[in-house]
Amino acid sequence: MDRFATSVSNGVLTVDTGTIVQGPPIGTNTTGQEAEGPNCIGQADGH
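Just so we're aligned: 326 in the working numbering is position 22 of the sequence shown, and the numbers increase by one with no gaps anywhere.
These are calculated hints, taken from the structure and not from any lab test. The C-beta atom is built at its ideal place from N, Cα and C for all residues, glycine as well. Check before you lean on any hint, since a few could be wrong.
[Claimed, not checked] FRET-style restraints, in silico, Cβ to Cβ:
| # | residue 1 | residue 2 | range |
| --- | --- | --- | --- |
| 1 | Thr318 | Asn343 | 26 to 32 Å |
| 2 | Ala339 | Ser311 | 32 to 38 Å |
| 3 | Ser311 | Thr334 | 19 to 25 Å |
| 4 | Asn333 | Phe308 | 20 to 26 Å |
Please model the entire structure based on the sequences and the hints provided.
Below, the structure is given as structure tokens:
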């Protein structure tokens with residue numbers, strides 16, 4: 305997913321949508337957190 309350049313001046317956040325910064329490829333673990341809990345598309349009980 306692409307990202308945009310940002311800046312903060314005098315407490316005002318500005319997002320420069322004219323400057324695109326290429327983000328990491330889809331599927332890249334950018335949070336360092338592995339999957340937790342059951343798979344959301346697993347078998348449903350009682351159906």
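Just pull the numbers of the violated hints for me, sorted ascending. 1
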